[in-house]
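2 protein chains.
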Amino acid sequence: MKSEVLAQVIRGETVESIHRGHLVVMDGDKNVVAAVGDPDTVTYFRSACKAFQALPFIAGGGADHFGFSEDEIALACASHSGEPMHTRVAQSMLSKAGFAESDLRCGTHLPFNEKETERILAAGERPTQLHNNCSGKHAAMLASAKYIGADPASYDSITHPVQQEILKTVAAFAEMPVDSIAIGVDGCAAPNFAMPLSNMAICFANLIAPQKAFDERIRQACISMISAMVKFPELIGGTERLDTILMTAAPGKIISKVGADGVWLCGVLPDDRYPRGLAIALKIEDGDDKRARPVVAVELLRELGVLPTDALTDISPMPIRNRRGDIVGKVNPQLRLNRR
Amino acid sequence: MKSEVLAQVIRGETVESIHRGHLVVMDGDKNVVAAVGDPDTVTYFRSACKAFQALPFIAGGGADHFGFSEDEIALACASHSGEPMHTRVAQSMLSKAGFAESDLRCGTHLPFNEKETERILAAGERPTQLHNNCSGKHAAMLASAKYIGADPASYDSITHPVQQEILKTVAAFAEMPVDSIAIGVDGCAAPNFAMPLSNMAICFANLIAPQKAFDERIRQACISMISAMVKFPELIGGTERLDTILMTAAPGKIISKVGADGVWLCGVLPDDRYPRGLAIALKIEDGDDKRARPVVAVELLRELGVLPTDALTDISPMPIRNRRGDIVGKVNPQLRLNRR
Numbered sequence: 001m002k003s004e005v006l007a008q009v010i011r012g013e014t015v016e017s018i019h020r021g022h023l024v025v026m027d028g029d030k031n032v033v034a035a036v037g038d039p040d041t042v043t044y045f046r047s048a049c050k051a052f053q054a055l056p057f058i059a060g061g062g063a064d065h066f067g068f069s070e071d072e073i074a075l076a077c078a079s080h081s082g083e084p085m086h087t088r089v090a091q092s093m094l095s096k097a098g099f100a101e102s103d104l105r106c107g108t109h110l111p112f113n114e115k116e117t118e119r120i121l122a123a124g125e126r127p128t129q130l131h132n133n134c135s136g137k138h139a140a141m142l143a144s145a146k147y148i149g150a151d152p153a154s155y156d157s158i159t160h161p162v163q164q165e166i167l168k169t170v171a172a173f174a175e176m177p178v179d180s181i182a183i184g185v186d187g188c189a190a191p192n193f194a195m196p197l198s199n200m201a202i203c204f205a206n207l208i209a210p211q212k213a214f215d216e217r218i219r220q221a222c223i224s225m226i227s228a229m230v231k232f233p234e235l236i237g238g239t240e241r242l243d244t245i246l247m248t249a250a251p252g253k254i255i256s257k258v259g260a261d262g263v264w265l266c267g268v269l270p271d272d273r274y275p276r277g278l279a280i281a282l283k284i285e286d287g288d289d290k291r292a293r294p295v296v297a298v299e300l301l302r303e304l305g306v307l308p309t310d311a312l313t314d315i316s317p318m319p320i321r322n323r324r325g326d327i328v329g330k331v332n333p334q335l336r337l338n339r340r
Numbered sequence: 001m002k003s004e005v006l007a008q009v010i011r012g013e014t015v016e017s018i019h020r021g022h023l024v025v026m027d028g029d030k031n032v033v034a035a036v037g038d039p040d041t042v043t044y045f046r047s048a049c050k051a052f053q054a055l056p057f058i059a060g061g062g063a064d065h066f067g068f069s070e071d072e073i074a075l076a077c078a079s080h081s082g083e084p085m086h087t088r089v090a091q092s093m094l095s096k097a098g099f100a101e102s103d104l105r106c107g108t109h110l111p112f113n114e115k116e117t118e119r120i121l122a123a124g125e126r127p128t129q130l131h132n133n134c135s136g137k138h139a140a141m142l143a144s145a146k147y148i149g150a151d152p153a154s155y156d157s158i159t160h161p162v163q164q165e166i167l168k169t170v171a172a173f174a175e176m177p178v179d180s181i182a183i184g185v186d187g188c189a190a191p192n193f194a195m196p197l198s199n200m201a202i203c204f205a206n207l208i209a210p211q212k213a214f215d216e217r218i219r220q221a222c223i224s225m226i227s228a229m230v231k232f233p234e235l236i237g238g239t240e241r242l243d244t245i246l247m248t249a250a251p252g253k254i255i256s257k258v259g260a261d262g263v264w265l266c267g268v269l270p271d272d273r274y275p276r277g278l279a280i281a282l283k284i285e286d287g288d289d290k291r292a293r294p295v296v297a298v299e300l301l302r303e304l305g306v307l308p309t310d311a312l313t314d315i316s317p318m319p320i321r322n323r324r325g326d327i328v329g330k331v332n333p334q335l336r337l338n339r340r
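Those protein sequence lines, which keep their order, are chains H and C.
If you're matching positions, the first sequence starts at 1 in our numbering and goes up one per residue.
If you're matching positions, the second sequence starts at 1 in our numbering and goes up one per residue.
Misleading hints may appear alongside valid ones.
If chains are identical, the list can't say which one is meant, so a pair holds when it fits in one copy or spans any two.
With a straight-line cut-off of 25 Å between C-alpha atoms, the simulated SDA-like cross-links for lysine to any residue are [to be verified]:
#: 1; residue 1: LYS330; residue 2: SER180
#: 2; residue 1: LYS168; residue 2: ASN322
#: 3; residue 1: LYS231; residue 2: GLY107
#: 4; residue 1: LYS290; residue 2: ASN332
#: 5; residue 1: LYS253; residue 2: MET176
#: 6; residue 1: LYS168; residue 2: GLY149
#: 7; residue 1: LYS330; residue 2: VAL42
#: 8; residue 1: LYS330; residue 2: ASP151
Hint data in this document are derived by calculation from the structure and do not stem from the laboratory.
Remember, it's a predicted structure, so these values are computed and weren't measured experimentally.
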């Protein structure tokens, strides 16, 4: 089945552009509750898989060994904005494990946070690898290499024991054979994983309600990571970032994790309404992350009753402004949930 | 007919995202030569219509009256990068017509050119309206208001004589009744025009080979504008911008004009191969302008023989790099031209 229209960009009274995509919602027992488009579409997990990249390190005892605190565990699962609150935690993770910024292999980019970017440029500074949105993940990978006695210099290679352990973890949570997961290189140079969108949702279903099949240390690590993410939503994204906005709007109820190129995963934690929780996976087909993804994510959480119907109406529909700040259009969600 | 896939984003060996869209190629007599998707899709012309917004001013004698030079006529048709070579010309246009930067109503944004943005921020400056990519268009609209004796303070209102004259010009070139053109507000606060993609191509066909139906002043204005655009390709876009790259790669052969939200119009000037020229209109359905639009535009010009087959291979396919600069994927054009 093909992708379906998920959002319309409207200028004046006329549709100017459209965004298509796929989404799937399943419960903690992996029963599909609703879907749009084709949940079997294969794409990359991107940063939405960060919890599973941190998991073997935490479950294996590495985080405890180095005395990583809850905010540091949260940052390992984050795509942060490079604000001082983020770079400070990343630096602390490196220091605790005995590494320096130059040991990271994620590369640099200007912070996602505009104010911090403007501050850096105005000060005549350059961004460091700590500002890379993945620096927490990479700091945890470095620490993991040291903890298991592997070479820290090549921790980002797919053949490295740290990455092999991550691949096995991802495969276990996705309930797929390791060799049916396609490997690519992420924007931060770490290996990343392509699989059907529905298997990404299965990963999140297993994260929020880990099966008995997983051993006790893994189940405890899942609980620790969820607790850390829920406690520090501002570290998972940052100021004005989608994950932070959603987790702040539904405090203690969800874990939200974007991935580059229009990916969004969300775990709705078990409660009275959803006793086994919900796992949501969304892919905007064209990779949009600025207008269709936030608009659809908010509308979906409202339709599922996770957010009140009047929540985040400044995000969905999203106003389009001209350079003078006048509203001249909007991005409308267009969700036709196929409920099962 | 629906949109068709025009580009694939590939990471490693796996397709990660796709971009769909529509395109139409017609000759100067408006015979459709090739098409993909639905040429009757309605969307906004955006900045690709700038030549038609400048046309009544030039044809009416306003540009001559104020002594606008060829580079100033080129900037009136431009979506420039806010580099010093652009802001200087915009300032000169304002000065010649007796206006100041504060008379512009386009609003401000940081320059599209990254180096100039970094320079402005590092110097503790803020961008002015001259940096707005549409400042040349707005300077010409201001001058036009003064030339016809209309109020310069409201030149951007759709009811203003300047905009009404533009609307009539656009309708004439699109060969559509005025009242079948939907009006929206552009990012720069000027009115903009929604119409079928094929009518945008008709506009460009009429621009490069104006019919006898247009009076001599209009035909001369078309020739002047084309000559100015071809002479100053660096003013139409800027350093590393698509229009400039394409017009530089096919010097004297084409006029290229992007519009926001994935629009691209191109006029291939009459030559031995295409004696009546070609008019091309492209819309990336999702509004992408970073990867699908350049990749498709370059591939299309190669397929049409306007560019050599080995031209601009650094743009199409477009390499995808990680934050360390390694190539980890590519954006591939996927053109299945339906030739007629």
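Here's how the hints hold up against the structure:
Taking the shortest alpha-carbon separations for LYS330 and SER180, only the inter-copy value of 22 Å comes in at or below 25 Å, while the best intra-copy value is 40 Å. For the identical chains of this complex, LYS168 and ASN322 are inter-copy neighbours only, at 24 Å across copies versus 48 Å inside a copy, given an alpha-carbon limit of 25 Å. Neither within a single protomer nor between protomers do LYS231 and GLY107 lie at most 25 Å apart by alpha-carbon distance, with minima of 28 Å and 40 Å respectively. In this assembly of identical chains, the alpha carbons of LYS290 and ASN332 lie at most 25 Å apart whether taken from the same copy (13 Å) or from different copies (23 Å).
For the identical chains of this complex, LYS253 and MET176 are neighbours neither inside a copy (28 Å) nor across copies (54 Å), given an alpha-carbon limit of 25 Å. Only within a single protomer do LYS168 and GLY149 lie at most 25 Å apart by alpha-carbon distance; the minimum there is 18 Å, versus 74 Å between protomers. For a Cα distance limit of 25 Å, the shortest separation of LYS330 from VAL42 across copies, 17 Å, qualifies, whereas the shortest one inside one copy, 30 Å, does not. When the C-alpha separation of LYS330 and ASP151 is checked against a cutoff of 25 Å, the pair qualifies neither within a copy, at 51 Å, nor between copies, at 31 Å.
The structure shown violates the earlier hints numbered 3, 5 and 8.
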